[in-house]
Amino acid sequence: MSTVAFAAIAIFTLAAALAAATLPKLMHAALSFAVMFVGISAFFFLFGAEFVGLVQIFVYIGAVAVLIVFTILLTRQDVEKVRSFKWSGVIVAMAVFAGLVWAIGKTKSLPLTPPQIEPVTVQRIGELLMTNYVWPLQCVGVLLTAALIGALILVMEEKN
Amino acid sequence: MSDSIDQIFIHAKQWLLSFMSGRAPDWLVQIISSLINILALLGVFLTLFALISVLERKILGRMQNRYGPNRVGPFGLFQPVADGIKMLIKEDIVPARADKIVHFLAPVLIAAAAILTLGVIPYGRNMTPFTIDGGILFFFAVGSATELMVFMAGWGSNNKYSMLGAMRAIAQMISYELPLIITVLPVVMIVGSLNPDKIVGAQAAYSLGFLPHWFVFTPWGATAFILFFVSGLVESNRTPFDVPEGESEIVAGHMTEYSGFKYATFFMAEYIGMFAISGLGITLFLGGWHAPVHFLEFIPSYVWFFVKLSILLFVYIWLRGTLPRTRIDQIMNFAWKFMLPMAFTCVVAAAVWHYTGRGLRGWLGSLLVIAAVYFALSILLDTRRKFAPRTYRFAE
Numbered sequence: 000m001s002t003v004a005f006a007a008i009a010i011f012t013l014a015a016a017l018a019a020a021t022l023p024k025l026m027h028a029a030l031s032f033a034v035m036f037v038g039i040s041a042f043f044f045l046f047g048a049e050f051v052g053l054v055q056i057f058v059y060i061g062a063v064a065v066l067i068v069f070t071i072l073l074t075r076q077d078v079e080k081v082r083s084f085k086w087s088g089v090i091v092a093m094a095v096f097a098g099l100v101w102a103i104g105k106t107k108s109l110p111l112t113p114p115q116i117e118p119v120t121v122q123r124i125g126e127l128l129m130t131n132y133v134w135p136l137q138c139v140g141v142l143l144t145a146a147l148i149g150a151l152i153l154v155m156e157e158k159n
Numbered sequence: 000m001s002d003s004i005d006q007i008f009i010h011a012k013q014w015l016l017s018f019m020s021g022r023a024p025d026w027l028v029q030i031i032s033s034l035i036n037i038l039a040l041l042g043v044f045l046t047l048f049a050l051i052s053v054l055e056r057k058i059l060g061r062m063q064n065r066y067g068p069n070r071v072g073p074f075g076l077f078q079p080v081a082d083g084i085k086m087l088i089k090e091d092i093v094p095a096r097a098d099k100i101v102h103f104l105a106p107v108l109i110a111a112a113a114i115l116t117l118g119v120i121p122y123g124r125n126m127t128p129f130t131i132d133g134g135i136l137f138f139f140a141v142g143s144a145t146e147l148m149v150f151m152a153g154w155g156s157n158n159k160y161s162m163l164g165a166m167r168a169i170a171q172m173i174s175y176e177l178p179l180i181i182t183v184l185p186v187v188m189i190v191g192s193l194n195p196d197k198i199v200g201a202q203a204a205y206s207l208g209f210l211p212h213w214f215v216f217t218p219w220g221a222t223a224f225i226l227f228f229v230s231g232l233v234e235s236n237r238t239p240f241d242v243p244e245g246e247s248e249i250v251a252g253h254m255t256e257y258s259g260f261k262y263a264t265f266f267m268a269e270y271i272g273m274f275a276i277s278g279l280g281i282t283l284f285l286g287g288w289h290a291p292v293h294f295l296e297f298i299p300s301y302v303w304f305f306v307k308l309s310i311l312l313f314v315y316i317w318l319r320g321t322l323p324r325t326r327i328d329q330i331m332n333f334a335w336k337f338m339l340p341m342a343f344t345c346v347v348a349a350a351v352w353h354y355t356g357r358g359l360r361g362w363l364g365s366l367l368v369i370a371a372v373y374f375a376l377s378i379l380l381d382t383r384r385k386f387a388p389r390t391y392r393f394a395e
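These protein sequence lines map, in sequence, to chains A and R. Counting from 0, one number per residue, gives the positions in the first sequence under numbering that gives the first Met the number 0. Counting from 0, one number per residue, gives the positions in the second sequence under numbering that gives the first Met the number 0.
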């Protein structure tokens with residue numbers, strides 16, 4: 000059952016990713032990118048990482064996809080223009096892919112049978128964030144607040 | 000006796016499944032078990048949608064001194080059937096320059112997202128269609144996907160009014176998502192769980208046998224509930240925050256280019272979204288399916304849930320009949336200057352309530368925090384503008 004589900008989700012995600020890379024219209028590519036995020040969060044759900052899956056949808060579809068779509072809309076005058084295939088993109092993609100394969104190949108492979116770990120519940124993640132990882136959490140909070148205030152200052156009307 | 004009526008649907012489902020389990024393979028029984036939940040959910044809420052669409056028109060009619068629909072069936076109750084048939088046989092117009100696929104997918108996905116959010120709400124004792132540990136997070140994760148679909152509707156239509164409406168909708172939805180989620184935080188903090196069932200369970204007790212421990216009866220809970228309700232109004236694009244579809248300026252916003260059943264699907268998604276956000280408000284602040292007083296517990300739990308839901312929906316309609324539409328800049332200012340600071344205050348007030356022992360002292364302490372911030376904000380945000388006849392600079 001799990002293998003079938005894995006294969007189905009994998010095909011779905013790869014198809015969406017391929018569509019995002021090859022669709023001629025920029026907006027269609029952005030929307031298929033969002034579909035791919037759904038596939039990735041489905042993977043997280045399949046592996047029992049419920050919290051990560053939910054955050055994936057929350058952040059990547061609710062925020063990042065909307066941001067991408069808006070960026071396209073506000074910056075490109077030629078959203079409707081159909082673009083031709085570019086070989087330079089393929090070269091960059093191949094380089095990144097090769098880099099990733101090299102990095103994965105260099106890491107020590109883990110044993111195939113996973114060690115017995117307790118299921119990762121939202122409760123446990125919350126406890127860990129508030130105890131072991133409280134300093135990183137606070138730092139991220141400060142950083143994001145600074146970014147928010149910076150964005151507000153950038154768009155604030157200049158008073159004479 | 001009352002217990003068996005309370006659990007009648009659960010028992011019926013279990014009886015059906017045990018009847019199945021000997022005769023069908025395991026995976027089929029599992030699928031049927033899910034299907035029963037889904038069909039029950041859809042059946043109940045689509046009926047409620049039909050009912051509320053006619054009730055809304057009747058109540059609005061009464062508020063505006065007219066009858067409202069009263070021709071089809073007794074008291075006009077069959078009006079939704081007539082409306083449904085009309086919507087189905089209408090021509091489905093797709094603009095020639097529209098993006099056909101995106102234009103088609105937008106209403107489908109928006110309805111799907113709205114219906115998904117209904118799944119995590121506990122409708123009664125043991126009656127949560129879809130139990131998940133981070134249920135509240137699921138609700139907001141799926142809800143936040145709606146923005147992208149509204150954008151798809153606006154962009155796919157290839158119409159300036161659609162695009163303007165979608166832009167307005169996304170602007171106000173993103174702005175109000177922040178206070179909406181932050182007002183949920185105090186409840187999650189106090190209960191210590193993101194699970195809707197546990198949140199309802201934490202509000203089960205009664206003081207002196209008649210005072211329910213609903214979070215709305217604490218100062219932070221009451222404030223958070225009001226903020227949550229206002230944000231919910233914005234998220235479901237209801238009056239007075241319905242600028243995205245402001246008929247008088249931009250035709251119907253992102254729904255301008257939709258006709259027939261696709262328009263009906265948008266309409267349905269809006270109402271289902273309204274039910275979902277009200278249901279979540281009931282779960283978080285109004286004690287879920289618990290009875291308001293102890294001796295009324297014999298009435299089945301799902302009845303209480305739907306009584307509370309009807310009251311909230313009536314308030315939605317009441318507001319629609321009462322308030323004029325606000326401007327988009329007023330909505331934005333209100334979100335960032337008032338709603339957001341007040342939402343953060345609720346978090347602080349809930350912490351005060353918790354650390355002073357959750358008793359009378361905590362009650363007064365959190366009231367003090369909220370009142371102080373409220374008055375400070377009202378002084379800070381006061382623009383000293385007097386109400387006077389409007390003056391026109393260029394049109395004299």
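Do not rely on the hints blindly, as some may be mistaken.
Straight-line distance between alpha carbons at most 30 Å, and here's what the computed DSSO-like set of lysine-lysine pairs gives [claimed, not checked]:
1. R:57 x R:99
2. R:159 x A:24
3. A:85 x R:57
4. R:57 x R:85
5. A:24 x A:107
6. A:24 x R:99
No wet-lab data here; the hints were simulated from the structure. Computed from a prediction, not measured in an experiment: that's the story for all the values here.
Against the structure, the hints come out as follows:
{"no.": "1", "hint": "R:57 x R:99", "in the structure": "violated (37 Å)"}
{"no.": "2", "hint": "R:159 x A:24", "in the structure": "holds (19 Å)"}
{"no.": "3", "hint": "A:85 x R:57", "in the structure": "violated (60 Å)"}
{"no.": "4", "hint": "R:57 x R:85", "in the structure": "holds (19 Å)"}
{"no.": "5", "hint": "A:24 x A:107", "in the structure": "violated (41 Å)"}
{"no.": "6", "hint": "A:24 x R:99", "in the structure": "holds (13 Å)"}
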